[in-house]
Every structure is written in C-alpha cells, then in structure tokens.
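Protein chains in written order, with our numbering: chain A, 21 to 493; chain D, 1032 to 1285.
Bear in mind the hints are in silico, worked out from the structure with no lab data behind them. Glycine residues also receive a C-beta, built at the ideal position from the N, C-alpha and C atoms. Accuracy of the hints is not assured; some may be wrong.
To spell it out: a stretch of chain D is covered by chain A in this simulated footprint if at least three of its residues, at any positions, have a beta carbon under 8 Å from a beta carbon of chain A; those stretches are [as the list claims (entries may be wrong)]: (1) 1100 to 1109; (2) 1136 to 1149.
Using 16 Å as the maximum straight-line C-alpha spacing, the simulated EDC-like pairs for lysine to aspartate or glutamate come out as follows [stated by the list, open to error]: (3) A/Lys470 to D/Asp1170; (4) D/Lys1109 to A/Glu454; (5) D/Lys1109 to A/Glu453; (6) D/Lys1112 to A/Glu453.
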Amino acid sequence: MAQEKAKIADIDRTLYDFRNEENESNTYRLDEGLTPQIVEQISKEKNDPDWMREFRQKSLKIYNEIDVPNWGPSIDGLDIEHIATYVKPKDNKMHADWDDVPEEIKDTFDRLGIPEAERESLAGVGAQYDSELVYHNVQKGVADLGVVYSDLESAMHKEEYSDMIKEHFMKLVPPTDHKFAALHGAVWSGGSFVYVPKGVSVTIPLQSYFRLNAPGAGQFEHTLIIVEEGAYLHFIEGCSAPKYNVANLHAGCVELYVGKNATLRYSTIENWSKNMYNLNTKRAICEEGGKIEWISGSFGSHISYLYPMSILNGDGARSEFTSVTFAGNGQNLDTGCKVVHNAPRTTSYINTRSISKGNGISTFRSAVVVNSNAKGSKSAVSCQSLMLDKESRSDTIPAMDIRTDDADIGHEAKIGRISDEAVFYLMSRGMSEEEAKALIVSGFADNVGKELPLEYAVEMNNLIRVEMVGAMG
Amino acid sequence: MTGNLLKVEGLHAGVENKEILRGVDLNIGAGEVHVLMGPNGSGKSTLATTIMGDPRFEITSGKIYFEGEDITSLSTDKIAKKGLFYSFQNPIEVPGVTLRNFIRGTMEAVTGKRVTPFKLMKMLKEPMEVLGIDEAYLDRDLNVGFSGGEKKKAEILQLLMLEPKLAILDETDSGLDVDAVQVVSKGIREYRNKVNGAIIVITHNTKILSALEVDAAHVIVDGNIVDNGDASLVEKVNSQGFETYLNMEKGKDL
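Looking at chain A on its own, in the form it has when it is part of the complex (with noise of 0.2 Å):
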C-alpha cells in the first residue's frame, strides 16, 4: 500500500464530468421549488408511513421558519425555487442484480468503478442515482451475520426495523437543527440504513456511492447506522456530480449511532462538482467506550458547510477525527467539525488539513464542548493550512468551550505557504513543477490518505494531481 500511496497515475479529467445526456429525458422529476403540495407529493411516491408524512410537513413548516445562516460562505447563489427536490428514473426499482439496472445508469457508474470496487472489496454495496437508490447488495456471508444494509425506505416499510427507524430517525439532527436540516426532514430521499446487531463485526467495508447526474436537483439522502454493543463497522460513502452552469444543492444527512464498546469507521471521499452547494449534516453518538472514526477528503463542490460532529455520551467514548480539504479556483470551502464532551474520560483527537489554490477559500472550524460532567476528558486539535499560491486563502476559526478544570486540551494550528525549496529539491531529482507540487501536497494530505483503503487513496491522489495540474494550466 506504501507504494502506491504517492504513486500518482494519470487519470481521466473527464472521468466525474461526463454526463449521461440520454438520461436527462429519461427521468421523472418533481416541479421545482418547495410547496406543503410538493412534499406530500414526495410522501406519495414513497407512500410514507403516516409518522413520515407528517414528519415531512412539520419539516416543511420549520424550514420556512429558519433564516440561512449568516455567519458562513454565502449562498445567495442557492435558489430553492429553481431547485428539483426530487428526481428519479423512470426506472426507479431497487436492483440486488447489477445486470439488472437499466443500462445507462449502469454505464455511468460503471464509468465512476463500481460496482467493480465490490467485486474486489467491499462487503456491500449501494448505489443512488438523482433521488433514488438503483442498486443495493451486500455479500451474504455479511448478511447471515445478521447485519442490515439496505435503503432506508424499503427498511423503513419493514416490520422489523419501522420501529427502530421511527426511534432513530432525525433525533441526533432534528430538523430545527438548521435550515437545511428541517429541509432534509421535508424532502429526504433515498440513502442507507445499516444495522451492525450486538458484537459483530464487519472486517471489510461496506460501501455507498451517490451520484447526482440531474441538473438543477437537489439530494437529500438520509444515511442512518446503528452499530451495537460491542459491534465494528468500517462504511464509505463516495460523492460525485457532473458539472452544469445551474446550481445543485446537497443536503443530505448522516446519523450515526454508536453503542457501547463499539466502533464506526466513516470514511468520505466527496468530489462534488464545483456547481455544487453542499450542505452537509454528520453526527455520531457514541455511549461508554463507543468509538467513532471520521475519514474525510473534501475536493468538490462550489460552497460547502461541512462540520461532522461526535457526541462522546458515555465514560470513556472516543471520537477521532482526520480530514482534507482542496479548495480550489472558485470554492468556498467551509468545514470542520464539533465534539462534544458529555461523559467522564472521554477522548477526541482532530487531525485536520486545509489546502487552498487560486482564488479557493479553506476555513476550518472546530468546536470542542467539554461539559462539566466530562472529568478526566482530553481533546487535542491540529490543524494545518497550505496555500499554494498568493491568491488562495485559508482561516483557522477554533472554539473551546470548557466547563470543568479536570480536562486535558490541547489546539495547535499551522498555516503555510508551499516552500520553494520543496519545490526546488524535487525539481532537482527530475520531477517537473506539477509533479513537485503534487507530490508534496498528496504528502500534506497523508494523514487522511494512510487511513484510506488502497483505492480510496489512490482514488483522492488523482483527485489532487487533476487539481494540481489544472493550478498549472
């Protein structure tokens, strides 16, 4: 894995950009904008139980009641009136045979490696495409185990796990948590529901790939995981878009649930393309000696507000954090993330690294909360900036809040400029300019890249060498 770590091959620039034109018409797409008609039109295509129903007008009721937020990138260039809440092909059944789904939805993610990555790797796979999931699978071996991964509507329909969906369902990101929260809750579609039941564990990863391909749509899928006492899980989501002149808005919502003594890995890979708004809500709660790992690599999008959050709930919970993210030419790049210190001898470590190129913004925000009841807890924050160039920008925003004597914190951040006699030094040993530089700022993002799967790695290692090379013009 060493080896090819840094290894960086030449890719495809084209390879998240292509559309699938033929596509497009094939679709059935919901009216633009948000109506009380529009949302109960969504329950209907879903045929929602009634608790969703009314969750999703109550929703609806309380976005309307929220301003956006004001103290971030703007997103004036967000227009809910122009956005399609709800997009799905014409041929929308959910897929467990891969031959099965319709041809040009399979080009496109053939295109993009999966389900090839299954075959080679992973335990499970989901795929969603605009509104709907088109492919779900997991390896029986994993599913004997008892371990659900299926799409949270089909979940939700199942008398076996309506009640624990009801139970789990927006309470970690209730929809008055923000404004594009409460838009989550009234139109959220499509996702994944995983169930890691009482000490097992999953050794190979499970994994859920979203693609939005519609023009001016909107996704909104909801990702909730229970793993239980005891249990291990290691789940990767990977984003892409192609790129149109109108905006398309992300809102999607992760809730993740982590009993005691267990651990949840999540890994990102998100390549959003840079019309995107992405505006993101993560959380975990992890009980007594539960253990959340956050892996997340930030490269697409135009506006992001991404700030994953870890509610250390039980004596002993520990909440890791490691993260990249590339803004470049025309991105606003605003993410972090928020820990919250609610039990005694609780743990969070953050390891962030902000990159910046052309007229890109990188602001990293944390947020360490240490409750008074939390004696005995440690946090230490690092985070690291790199500008590439004299245009780029980056800022650092840390908050702590502590409200006990008994903890142990420690912040520590370090803005830079890539040094020339970095630069010099390679150029020295043959390799050209861009190759310098993305060698060194593939090097810079190693604290993500050595916790990723092989693929994974290599997958972020072209996403920075096609940034890097587009710096070069």
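Using the hints provided, position chain D relative to the given structure of chain A.
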C-alpha cells in the same frame, strides 16, 4: 582537461540588486573530480544551485553548457534529466512522502519509464548495502526526523540510484561524525566505480577527499574563482586558509 562535460562561462548571477556570482568560469571534464573551496558566503552554494537552475537566483549574463548544450535557461527538472545531480547541504523535509516513494518518483521522472515496486527494491538492494541502510528507513517520510548523517546517506542513495553524469556534493560531509563520513565516502566511491561520474565537491575539509583522487581544485572568493590548481591547492588552502585570497580581493577594491 577536456572541459567537455560542464562549461561555465562568465557567469553573473544574484538576487535582486545583489550580485553574488561575478563572472565565474569553470570547466569540468567527464569523470573528473573537482574541489570547490571558499570562505562562507563566497558563492559556492549559489554557483552549485544556479547551475541546477535555482529560480531564486537570476542569471544576468554568462552561459552554462552541459555536454555542449546550452542549459542556462532550462528549468531545474530538465537540467536534472540531462544528468546533473545536486546533493543538498540541508536536504529538505517533505512530510507524508516516504523515501521509497520519492526515489521511485525520481527514477520514473528521470527515466520516463514506470518502475514497479519490485523492480525498485531490486535496484535499491546494492546501494542500500553499500550505505548500510535498513529497509525500514525507506518507509520514513523523506528527511523528516532524519539525523544529519541519515539525510546525507539518503542523498547519496539517490545519487547511486539516479547515476548522473555530474554530481555536485554540497558540504556532504559537514556536521557528520567520522563513521558517517566514512559511509558517505564509500557511497561516493561506489558512484565513481559504477558510472565513473564526475564530481564537484564543495567542502571545508579534506576528510571526504581522502577517498577520492582529485583532478582539480578551485578557490572562490566573493563570487570569483580566484585560484585554480591540482590536488596540492587543497593542501595549500588547508594550511594557509583563505586569508591571502581575501586580502587580494580587498586590494582589488581599493
């Protein structure tokens, strides 16, 4: 001396408003060993990195030829690909990039061919033995947390892998203990034996030179080559220092 490998002609270079090299002439023949000496700040490293196309220094006049080809305005990577190598006085730390991946990247950059991990290990085996480098060392981040000796060994390892036609060794021996100097010298001898590459040794002392047969020595003071000679010049400078040269330069200014 044939002077047909590297030829520096009337080289003037410096940074904004400050000339550091003031008309340097230098000829190096294939396979020759040259020593470049001079007091601190005399322009030794500037000359070396300017030959390598260091963008920090602007060449205001003069030419640099390598194998008869004008390389004065080539970029550093292209110069390296022609077969020049510069061993840094202070090798740069590059976090997150392992020595293994770095060497592989450089091999591929210079040869333009893919080097598989297996092939790389095969090629690394002998040089690593010569330098007494453990394999675990390859998985450490390039120069990060390396001791002075380890950094220099890593430089010489790259020299042995890249097999350039001319290597400029900038104070490769400075700050090293006796054992480390011996290992590094062994590596340089290996380079000589293997490819009979030419060397410019920039040094303050003779420890590293005892392993080499010196063809020529040059003294640089205040951006000028003020004396040229054979190996005996090294001895002379060693016993007398640079004072006479410095006085000479001062006299010129008066």
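Tested hints:
With a cut-off of 8 Å between beta carbons, the region 1100 to 1109 of chain D has 3 residues touching chain A; three or more are needed, and the interface restraint holds. Counting residues of the region 1136 to 1149 of chain D whose CB lies closer than 8 Å to any CB of chain A gives 5, so the stated coverage by that chain holds, three being the minimum. For the hint pairing A/Lys470 with D/Asp1170, the CA-to-CA distance comes to about 12 Å; that is within 16 Å, so the pair holds. The suggested pairing of D/Lys1109 with A/Glu454 holds, with an alpha-carbon distance near 13 Å, which does not exceed 16 Å.
The suggested pairing of D/Lys1109 with A/Glu453 holds, with an alpha-carbon distance near 10 Å, which does not exceed 16 Å. A C-alpha spacing of about 13 Å is found between D/Lys1112 and A/Glu453, which places the hinted pair at or below 16 Å, so the restraint holds.
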